[in-house]
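Peer 1: Chains as they are written, first to last, in my numbering: chain A, 1 to 347; chain B, 1 to 347.
Hints may be right or wrong, so weigh each one.
Copies of one chain are not kept apart here, so a pair can be met inside one copy or by any two copies together.
[Stated by the list, open to error] Simulated crosslink set (PhoX-like; lysine-lysine; CA at most 25 Å straight-line):
id, residue 1, residue 2
1, K17, K295
2, K298, K253
3, K7, K298
4, K216, K272
5, K140, K246
6, K99, K39
7, K140, K39
8, K17, K216
9, K247, K298
10, K229, K256
11, K7, K140
12, K39, K305
Source of the hints: derived by calculation from the structure; they are not laboratory data. Nothing here was measured: the structure is a model prediction, and the numbers come from that model.
Below are the chains, spelled out letter by letter.
2 protein chains.
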Amino acid sequence: MVCLLEKYAEYFPVTSKTPILSLGEGNTPLIPLDNLSLKLGVELYAKCEGLNPTGSFKDRGMVLAVSKALEAGASGIICASTGNTSASAAAYAAKAGIKCHVVLPAGKVARGKLIQALIYGANVLAIHGNFDVALDMTRKLADDLGLDIVNSVNPYRLWGQRSGAWEVCDEIGAPDWCVLPVGNAGNISAYWAGFVQYRRAGLIASIPRMIGIQAKGAAPLVMGRPFEKPETVATAIRIGNPVNAKKAMAAVKSSKGMFLAVSDEEILIAQKDLASSEGIFAEPASCATLAGLYKLRKQGDLPKKVRVVMVLTGNGLKDPEIVGKMILSPNEVAAEYETLREAILSC
Amino acid sequence: MVCLLEKYAEYFPVTSKTPILSLGEGNTPLIPLDNLSLKLGVELYAKCEGLNPTGSFKDRGMVLAVSKALEAGASGIICASTGNTSASAAAYAAKAGIKCHVVLPAGKVARGKLIQALIYGANVLAIHGNFDVALDMTRKLADDLGLDIVNSVNPYRLWGQRSGAWEVCDEIGAPDWCVLPVGNAGNISAYWAGFVQYRRAGLIASIPRMIGIQAKGAAPLVMGRPFEKPETVATAIRIGNPVNAKKAMAAVKSSKGMFLAVSDEEILIAQKDLASSEGIFAEPASCATLAGLYKLRKQGDLPKKVRVVMVLTGNGLKDPEIVGKMILSPNEVAAEYETLREAILSC
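Using the sequences plus the hints, can you model the full thing?
Peer 2: Dropping the structure here:
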């Protein structure tokens with residue numbers, strides 16, 4: 001299998017001196033969602049980024065950032081995280097044999113993600129403060145201690161993430177719309193930059209409208225102001241002051257896209273719908289995309305038959321507790337044949 | 001992207017009448033494990049089956065079984081499960097728009113897997129009995145109620161799982177050894193059948209030695225007797241009376257392979273090692289493979305430089321609680337710069 005950095009070498013800043021890492025990132029499925037397409041009246045696809053090695057889109061950027069850190073002789077990396085970044089950083093650092101330090105908000109990271117950083121062997125520091133505070137401290141620590149920062153302020157991170165857009169185009173050309181969840185606002189910027197790079201290379205003719213979805217309780221780009229105490233079940237986008245705000249605003253403006261906010265309830269309904277009608281289990285932040293499309297459809301703002309790609313950024317398995325909090329639980333029954341038969345017939 | 005059933009159509013029992021389902025199964029990374037290869041003195045690869053759509057190898061067989069069920073006009077499917085089968089069955093049934101019933105041992109299924117079956121919309125029946133009891137009842141219910149059983153007694157399941165072996169061969173040819181965790185003993189039989197089919201087709205010259213690893217508390221094939229009360233942290237292979245025992249014994253015998261048992265402690269050490277030295281987080285059952293290699297090496301039974309493929313059957317995110325029970329927890333610190341700086345320097 002050709003790895004991501006090799007496959008797109010001509011579009012990445014890699015040279016013969018760059019150590020090429022790989023955990024099998026990228027090359028994720030783009031699944032046509034027939035059932036939801038019918039329901040919404042559009043041609044809908046899901047880019048399943050949860051099938052990356054650590055279960056999120058972050059691996060695309062992390063593989064490049066850590067490879068470049070190795071090239072530069074870094075002894076260690078550091079990041080702040082709502083969870084996905086730290087899981088990815090810790091995994092690639094393990095593969096590369098370098099130290100990884102992680103600063104994250106105590107009690108505010110989905111269980112699966114915290115477990116990942118720990119088992120990959122990172123030095124995990126949980127602070128009593130939110131993500132924005134964690135990132136601020138991390139930037140200072142990186143400067144002070146000579147560690148490579150691998151948050152999206154690291155330009156290789158967003159560059160690597162462009163590959164998601166390239167894969168979509170390689171498969172179906174440029175879609176009409178590209179819908180992404182927006183937290184720190186890096187990925188929507190990266191996809192847009194990826195589309196622009198591909199257009200410049202003559203590989204696509206047009207840029208999709210970039211649609212960024214935020215949670216109502218953490219919607220700085222929708223409301224045009226920082227959120228001091230961001231709150232949402234979608235922990236991956238629980239960010240009140242996005243580092244890449246300007247880039248994301250430029251992407252949305254130049255592509256005639258938009259930002260939109262959805263409620264936690266809308267997110268969880270979309271998560272259940274996506275799983276039960278398409279067989280895809282994505283984390284809450286990812287499902288904000290579908291919730292956004294539902295909302296636009298309700299408002300009459302979803303044109304018929306547009307070709308839409310939703311970027312499902314993370315695997316649902318990263319945050320099983322959210323689902324557990326919903327109404328779902330198994331039907332406990334005795335191990336008796338007639339009882340089971342009845343439970344099936346009455347279903 | 002060409003889906004699994006299309007890619008290997010000539011090796012599968014699919015016809016123009018078979019509805020071709022896909023959630024992006026198969027095409028999983030085969031990762032060279034440089035750090036562990038050095039440690040063990042072999043050429044070691046991991047086939048990362050946890051990056052399948054529902055996080056386990058079961059998707060390879062389920063996509064074929066559910067497609068064939070649709071072709072036959074089935075209205076619903078049913079399975080017994082230790083977790084992975086039910087997650088996969090529920091997802092493909094959701095995609096196909098048919099009902100899925102799941103019978104599993106109450107309290108004995110990893111949290112993530114239970115959540116998966118529920119969110120995909122299956123009718124989940126948790127019985128007070130073990131897997132072997134659940135399977136027995138499920139077979140009767142399928143006959144009685146006209147439901148398609150999608151456990152590995154369904155021949156399409158194991159046929160689909162052969163594709164894992166084909167992908168390995170397509171990439172690096174036939175390895176010397178192929179190491180798999182053994183629970184219900186279907187997958188080791190499927191890989192062996194896959195290698196045999198490829199040899200018959202003239203695509204490989206030899207069959208790898210098939211090495212099946214069981215947990216000490218659930219080791220019927222190592223001990224040559226059923227385990228009435230199987231117990232192990234590796235819930236995916238917590239099976240005392242494997243349905244595919246005969247097939248697996250034939251595969252091991254004919255390939256000059258072996259069965260081997262490892263302790264829960266050895267499994268958890270291997271899980272941590274795999275994550276922290278290679279950046280791959282696999283569920284405990286998967287890590288029995290590495291534990292088995294450690295054991296063989298210690299006994300002097302691991303030949304130098306053999307080319308070994310370990311099949312990592314499931315994603316570590318399916319069972320985060322096991323990791324939580326290990327010593328791992330984050331270092332909680334105040335959101336103060338000097339405290340953080342100290343926590344990094346002292347690491």
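Peer 1: For every hint, state whether the structure bears it out.
Peer 2: Structure-based check of all given hints:
In this assembly of identical chains, K17 and K295 lie within 25 Å of each other by CA distance neither inside one copy nor across copies; the values are 48 Å within and 38 Å between. Taking CA atoms no more than 25 Å apart as the test, K298 paired with K253 passes inside one copy only; the shortest distance there is 23 Å, against 62 Å between copies. For the identical chains of this complex, K7 and K298 are neighbours neither inside a copy (41 Å) nor across copies (39 Å), given an alpha-carbon limit of 25 Å. In this assembly of identical chains, K216 and K272 lie within 25 Å of each other by CA distance solely inside one copy; the values are 19 Å within and 38 Å between copies.
For the homomeric pair K140 and K246, the shortest alpha-carbon distance inside one copy (21 Å) is at most 25 Å, but the shortest distance between copies (62 Å) is not. Taking the shortest alpha-carbon separations for K99 and K39, only the inter-copy value of 19 Å comes in at or below 25 Å, while the best intra-copy value is 48 Å. Taking the shortest alpha-carbon separations for K140 and K39, neither the intra-copy value of 49 Å nor the inter-copy value of 37 Å comes in at or below 25 Å. For the identical chains of this complex, K17 and K216 are neighbours neither inside a copy (45 Å) nor across copies (47 Å), given an alpha-carbon limit of 25 Å.
Neither within a single protomer nor between protomers do K247 and K298 lie at most 25 Å apart by alpha-carbon distance, with minima of 29 Å and 55 Å respectively. Taking the closest pair of Cα atoms, K229 and K256 never come within 25 Å of each other, the shortest separation being 30 Å inside a single copy and 62 Å across copies. Taking CA atoms no more than 25 Å apart as the test, K7 paired with K140 passes in neither setting, with 35 Å inside one copy and 50 Å between copies. Taking the closest pair of Cα atoms, K39 and K305 come within 25 Å of each other only inside a single copy of the chain (11 Å); across copies the shortest separation is 55 Å, beyond that limit.
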